[in-house]
Amino acid sequence: MSTYGTPGAGPAVFDPASLPPDDNVNPYTFCVELKGSQWFLQKGKMIAYYGSIDFNGVGHGRLDRLVRTSFHSPLHASDWVVAEGSGKMLLADRAFDVNSFDLEDGNLTIRSGNLLAFQPTLALKQSIVPGFLTLIGTGKFVAASNGPVVFMEPPIRVDPQALVGWADCPSPCHHYDHGYMTGVMGGLRALTGLGGVSGEEHQFEFVGAGTVLLQSSETLMAEQATGSVPHQAGVPGGGASGTPPGQSGAPRLPGQLGDLQRRFGL
Amino acid sequence: MAFREINAKMVEATVTPGQRLFSQRGAMLAYKGEVSFTPNTAGGQGGVMSMIGRRVADEDTPLMTVEGSGTVLFGHGGHHIQVIRLAGDTLYVEADRLLAFEGSLQQGTMFLGSQGGVMGMVRGQVSGQGLFTTTLKGHGAVAVMAHGGVIELPITPQRPVHVDPQAYVAHHGDVRNKLSTALGWRDMVGRGSGEAFQLELSGSGAVYVQASEEKL
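Read top to bottom, the protein sequences are chains A and B. Note that the working numbering has the first sequence beginning at 1, numbered continuously upward. Note that the working numbering has the second sequence beginning at 1, numbered continuously upward.
Since the hints were derived computationally from the structure, they do not count as laboratory data. Warning: the hint list may mix true and false statements.
Partial list, derived from the structure: chain B residues whose beta carbon lies under 8 angstroms from chain A [claimed, not checked]:
| # | residue |
| --- | --- |
| 1 | Asn7 |
| 2 | Lys9 |
| 3 | Ala30 |
| 4 | Lys32 |
| 5 | Leu73 |
| 6 | Gly78 |
| 7 | Met110 |
| 8 | Pro160 |
| 9 | Val163 |
| 10 | Val175 |
| 11 | Leu179 |
| 12 | Phe197 |
Every residue gets a Cβ at the ideal spot worked out from N, C-alpha and C, and that includes glycine.
Generate coordinates for the entire structure from the input sequences, incorporating the hints supplied.
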């Protein structure tokens, strides 16, 4: 995949004809071919283009219909633009690894900051899990990750920062290292912060059929706002019920497990 | 073998009962099976004395013990990972570059001054190693982190290797190293080449060099 094919040959030079259509140019750049078609992309991820391509903000009068059919989260529509026209455009994001994925009548949930672009044949919706977006339908999308994406089959437990997304609905839930946090030593650790934390007391657990996408680093990409959810009782992140005031929002000190202590009766 | 490279930035380790691993805290990405992670206050092997030794030497990277049965994926900070297999010889590496290593390896600290006296200490300062470095000895595999890709350069008695101290990652084998200086009047007037200090490694073994001059 190197752009430097043979040593000494120098970098490969691309022109509009030799740029690969809908494929990676190198691990960090993806080329999208537009033939009168449309693509959704996150603002600021286009680095160059050939041909005549228009970039319009979503929710722009005549694009209203598009928003209705394939963009179901009007609350964060301002983060996205629609590219239409004909030509080839290059997408990249801070030298992260970029890859395209095909969905065929499927569903995939992805961390909002990792999604770069998608075809309007896919419908983008907010996930129930805060900070994640779900793509439903058939089509292609482009995602960035720190290091190549690794696909794993459930059952698996994943570090929260290493999770990129999941496909075909394995049920995601929290897993806590119960044995480590309870007991005399666990209580002492939670109270004093002494004894250290392994940093691995909490994972996301996936079971069931499906695929889990991992990135090879714990460095997160900048979170992209997914928009607020309706303030209703029963909506996760809606804030209308459940969490008592003052519990959330306070920064958690290292070695302190916050409300977990309370939950395990410590 | 305990470590399998999945890509340049991720390794998969197989844990079986009775065979434990040490890894840097927080470096686990995902795991399958029943695996437990216990913080290691002693920062590695040995008793209290070796823990104090590491504290004094500033080589006490937070480690955790990984036990159980299953597979664990490790990666950290988007750094490139190099798996080094040791067959009885000693690996010299900075503790904060250690991502994970097998429990069969003997961990220790070494005073750089014991290898070349005052010049060894100067060398440690220049290469960012400080006055001490960590040693791992025995049979087993180590996953080492580096900024940018890593290349392995073999050292043979006839062919010593010169390395930029900032790009030095680790070395193993029967290797003597010394700092060679090429300081001249140009460096004094600020027109140096920027390569005034080099690490010269001679003997037989291998040195690992990263494609960057950035420290971890």
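Determine which of the earlier numbered hints do not hold for this structure and return their numbers in increasing order.
7, 8, 9, 10, 11 and 12
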